[in-house]
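> Next come the chains, spelled out residue by residue.
Protein chains: 2
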Amino acid sequence: MELGLPAVVRDPALPARVRIHEVGARDGLQNESSLVPVEVKAEFIARLAAAGLRTVEATSFVHPKWVPQLADAEELLPRVTGLREQYQGLRLPVLVPNERGLERALARGADEIAVFASATETFAQRNLNRSMAEALEMFRPVVTRAVEAGVGARGYLSMCFGDPWEGPVGADQVVTAGLRLLELGCAELSLGDTIGVATPGQVAGLLEAFDRAGVPVERLAVHFHDTYGQALSNTLTALRHGITVVDASAGGLGGCPYAKSATGNLATEDLVWMLHGLGIETGVDLTALAATSAWLAGRLGRPSPSRAVQALVGAATLPSSTG
Amino acid sequence: MELGLPAVVRDPALPARVRIHEVGARDGLQNESSLVPVEVKAEFIARLAAAGLRTVEATSFVHPKWVPQLADAEELLPRVTGLREQYQGLRLPVLVPNERGLERALARGADEIAVFASATETFAQRNLNRSMAEALEMFRPVVTRAVEAGVGARGYLSMCFGDPWEGPVGADQVVTAGLRLLELGCAELSLGDTIGVATPGQVAGLLEAFDRAGVPVERLAVHFHDTYGQALSNTLTALRHGITVVDASAGGLGGCPYAKSATGNLATEDLVWMLHGLGIETGVDLTALAATSAWLAGRLGRPSPSRAVQALVGAATLPSSTG
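Protein chains in written order, with the numbering used here: chain A, 1 to 323; chain B, 324 to 646.
The hints are simulated quantities; they were obtained by calculation from the structure and are not laboratory data. From the three backbone atoms N, C-alpha and C, an ideal C-beta is built for every residue, glycine too. Certain hints may be false.
Stated by the list, open to error - Chain A regions said to be covered by chain B (calculated; three or more residues, Cβ under 8 Å):
#: 1; segment: 21-27
#: 2; segment: 74-88
As the list claims (entries may be wrong) - Here are some, though not all, of the chain B residues that point toward chain A, as calculated from beta-carbon distances under 10 Å:
#: 3; residue: Thr550
#: 4; residue: Leu559
#: 5; residue: Gly575
Stated by the list, open to error - Derived CB-CB ranges, DEER-like:
#: 6; chain 1: A; residue 1: Gln125; chain 2: B; residue 2: Gly624; range: 40 to 50 Å
#: 7; chain 1: B; residue 1: Glu471; chain 2: A; residue 2: Arg212; range: 52 to 62 Å
#: 8; chain 1: B; residue 1: Glu355; chain 2: A; residue 2: Glu218; range: 46 to 56 Å
#: 9; chain 1: B; residue 1: Gly602; chain 2: A; residue 2: Gly283; range: 55 to 65 Å
#: 10; chain 1: A; residue 1: Glu166; chain 2: B; residue 2: Tyr410; range: 35 to 45 Å
#: 11; chain 1: A; residue 1: Leu35; chain 2: B; residue 2: Gly412; range: 52 to 62 Å
#: 12; chain 1: B; residue 1: Gly624; chain 2: A; residue 2: Glu218; range: 43 to 53 Å
#: 13; chain 1: A; residue 1: Trp165; chain 2: B; residue 2: Arg625; range: 31 to 41 Å
#: 14; chain 1: B; residue 1: Arg625; chain 2: A; residue 2: Arg10; range: 36 to 46 Å
#: 15; chain 1: A; residue 1: Ala50; chain 2: B; residue 2: Gln411; range: 34 to 44 Å
Please construct the entire structure, taking both the sequences and the accompanying hints into account.
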């Protein structure tokens, strides 16, 4: 049996190309309970680049006490920076929590960083032990110093739609926090539905609010979680509103820390299946990507939560696709 | 921790209300490897009705040799027909393969039937051992007799987007087969992506082709599979094209028979989460529905594949919602 990829159907309202910001190696692995050897992480990143991904978030320079899964960041980054010569245009951003983390990242060859802020007061307190305003101010010297060092910065804004403690989050509040991150010097703002509760109407509402605030859509990315199965419909809605940068995690790696049994990040394979079906280019070879996720799932000792990976790896013949 | 449901955001392009055609008890259970006792099936259907579903496909009167999982249809149907008095407007359609099946169904109190046809030649041959044209003619006396008996008929059309043997399926071919089913007397036509390969552009393309052929959208339903994670984005696209009847399976019951490890039907809970988030009424109590799916999963001895069921049942506090 050979499963054909769906025929390409183009829609002029959708972008011709989407850049996938692959977060599996950082956001995915930081939520894994098992410690993954540094060689496996380096091979994972190399295989993601070989599969055509050109933005591969590599690790986090957060203190090992908080995220022991990524305690090997200083050892890992130099193992993969050589990929930038091998694959033209490859970016390997790393998360940094503060100035100390930034210096460690720069010393190990980081050429792009990301900071992680919250759109809600409660999550800022719980995650960073600071008020939202204090947390944003903490990032000011980090982003300033990064930009001075010629290193691009991305701002993650979490809990943009709902918060486990505060419930639904208003768009105005998210826009205010997002404007602060952009004003600090972040080139790109990734809007995160950290607990996966959003539905398409809310996505449209938030993007329209950013538009009213004068933020060019080119500076925005979306980061959806599949906790309630909504990530891909939300992504489709975002694409219709001009978004062209989408965060996703190979194989759907990474659980939601607030609901033990919930699934986590949007799987890159599910995203690529939709984008290629819509005639949107990604540069990704879906077969190679699914094989990479299946390989890592074997190393982690459990099946990939991605629907597309399960279907492709379970099927007798893998279709070949580069879009 | 209490997870709030997302705030309701209305979009005038979307319908105010969607009727869910619940297929878990038939399409779901017919693909289960374990035999489920008839009392459990009857309780499942009763709980689905109690959760607010008003179209609950109950079973199939296909020959027990072909679908042993539903060999108890004659015993099951009389156990649940009383629910129609308890819940106003409740419909309990049953699948029938031929005139013999129809007579058995009518004798046991069926008030609505469905027939299952294919949009592709190869699947018609493999599933029914007939050409497409022969299969459609075979249904003519079935639908005619049902309508004469005052029993409504629905036509399922499978493989509307892709076929494991033929690859992508053209819209013209699907429209031709669909028109035949409607002309036979089917009140409603359910367009099925049996192998789950479709993406939103193809859904739009097929619905536009039916519109050009003069078929009122009120006579169409959609039936998506989550094999590649695409079911909900495809549903959203269909809603934007005027569809108001959506097939779904409680807890995502039912695998795809063509890819062993693939996931199957769109989970009703994932659908309801999106619809309620969009402010679309369904009449369904999501908490009661997720509890029902979790209960059945326990009886089947494996977790529900629905993302929303996993999230809701895993969370400490279940949100309450009736939309």
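> Compare the structure with each hint and give your call.
Comparing the hints with the structure gives:
no.: 1; hint: 21-27; verdict: violated (count 0)
no.: 2; hint: 74-88; verdict: violated (count 0)
no.: 3; hint: Thr550; verdict: holds, 5 Å
no.: 4; hint: Leu559; verdict: holds, 5 Å
no.: 5; hint: Gly575; verdict: holds, 9 Å
no.: 6; hint: A:Gln125 - B:Gly624: 40 to 50 Å; verdict: holds, 42 Å
no.: 7; hint: B:Glu471 - A:Arg212: 52 to 62 Å; verdict: holds, 59 Å
no.: 8; hint: B:Glu355 - A:Glu218: 46 to 56 Å; verdict: holds, 48 Å
no.: 9; hint: B:Gly602 - A:Gly283: 55 to 65 Å; verdict: violated, 37 Å
no.: 10; hint: A:Glu166 - B:Tyr410: 35 to 45 Å; verdict: holds, 37 Å
no.: 11; hint: A:Leu35 - B:Gly412: 52 to 62 Å; verdict: holds, 56 Å
no.: 12; hint: B:Gly624 - A:Glu218: 43 to 53 Å; verdict: holds, 50 Å
no.: 13; hint: A:Trp165 - B:Arg625: 31 to 41 Å; verdict: holds, 33 Å
no.: 14; hint: B:Arg625 - A:Arg10: 36 to 46 Å; verdict: holds, 40 Å
no.: 15; hint: A:Ala50 - B:Gln411: 34 to 44 Å; verdict: violated, 59 Å
Hint compliance for this structure: hints 1, 2, 9 and 15 are not met, and every other hint is.
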